[in-house]
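Throw the hints in and build the complete structure from the sequences for me.
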Amino acid sequence: MKKQLLILGVAAIIGLSGCGKDTNNDTSSKGNKESTHAEMDHSKMDDRSMDHSMHSSSGEVPKDLKEAANPAYMVGSQAIIKASHMEGMDGATATIVGAYDTIAYAVSYTPTTGGEMVKNHKWVIQQEIKDAGSEPLEPGTDVTIEADHMEGMKGASGKIDSAEKTTVYMVDYTPATGGEKVKNHKWVTESELTAK
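So that you can map any letter, position 183 of the sequence shown is 342 in our numbering, and since no number is skipped, the others follow by simple counting.
Just so you know, the hints here were simulated from the structure itself, not pulled from any lab data.
Each hint should be verified, as a subset may be incorrect.
DSSO-like, lysine-lysine: derived pairs with alpha carbons at most 30 Å apart [said to hold, decoys possible]:
id : residue 1 : residue 2
1  : Lys313    : Lys225
2  : Lys313    : Lys342
3  : Lys222    : Lys342
4  : Lys313    : Lys355
5  : Lys355    : Lys324
6  : Lys313    : Lys278
7  : Lys340    : Lys324
8  : Lys289    : Lys355
9  : Lys313    : Lys222
10 : Lys340    : Lys225
11 : Lys324    : Lys289
In structure tokens form, the structure reads like this:
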């Protein structure tokens, strides 16, 4: 009888450790969720497609980036976002953290962390592209991205999809779908904002 109880006890412990392995699989699934960002076509994004928690919240900007002399939206003012780069962004109220005159690029790149190519990522600016110079880069130009907005972006090889000379804004916003405040989102272009 004692032997049977011992066997049952060992079986229960093995069963519980198996549950522990399932929990670890759940954790790795969350990791896989983050990597699915790299498999998405950003040109087809909607509010349900992105997880804003994957975006860097650093307020640092490139040293050679110049503040906009006459931005449509002043630092500290609010505007409504009309873009869906990230989940809950479209329709959210943004507080302008910074405004800069530059060239904004939509880029496709292969993450340094592996996975499929990210297509039409908006936005990487002129100062975040290695050896970009001061002239706009043509669509199709091969580039190395120095921005660190998303995991696997810094140092990634990519191509320019489109270019837009504009004022770009760093913004704080609370997703229109609810959730935690997103701080220092880089970047939203002037055409993606409307007056509140």
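Okay, the hints, checked on the actual structure:
For the hint pairing Lys313 with Lys225, the CA-to-CA distance comes to about 21 Å; that is within 30 Å, so the pair holds. Between Lys313 and Lys342 the CA atoms are separated by roughly 20 Å; this keeps the pair inside 30 Å, and the hint holds. Between Lys222 and Lys342 the CA atoms are separated by roughly 20 Å; this keeps the pair inside 30 Å, and the hint holds. Between the alpha carbons of Lys313 and Lys355 the distance comes to roughly 34 Å, so the proposed pair goes past 30 Å and is violated.
Of the pairs offered as hints, the one joining Lys355 and Lys324 holds, with about 24 Å between alpha carbons and a cut-off of 30 Å not exceeded. Note on Lys313 and Lys278: the hinted pairing holds, with a Cα-Cα distance of about 16 Å set against a maximum of 30 Å. Distance restraint check for Lys340 and Lys324: the Cα-Cα separation of roughly 28 Å lies within the 30 Å cut-off, and the hinted pair is therefore satisfied. For the given pair, Lys289 sits about 36 Å from Lys355 by alpha-carbon distance, which is inconsistent with the 30 Å threshold.
Between Lys313 and Lys222 the CA atoms are separated by roughly 17 Å; this keeps the pair inside 30 Å, and the hint holds. For the proposed pair Lys340 and Lys225, the alpha carbon gap of about 26 Å is at most 30 Å, so the pair holds. Distance hint between Lys324 and Lys289 is fulfilled; the C-alpha atoms sit about 18 Å from each other, no more than 30 Å.
Violation of the numbered hints given earlier is confined to hints 4 and 8; the remaining hints are satisfied by the structure.
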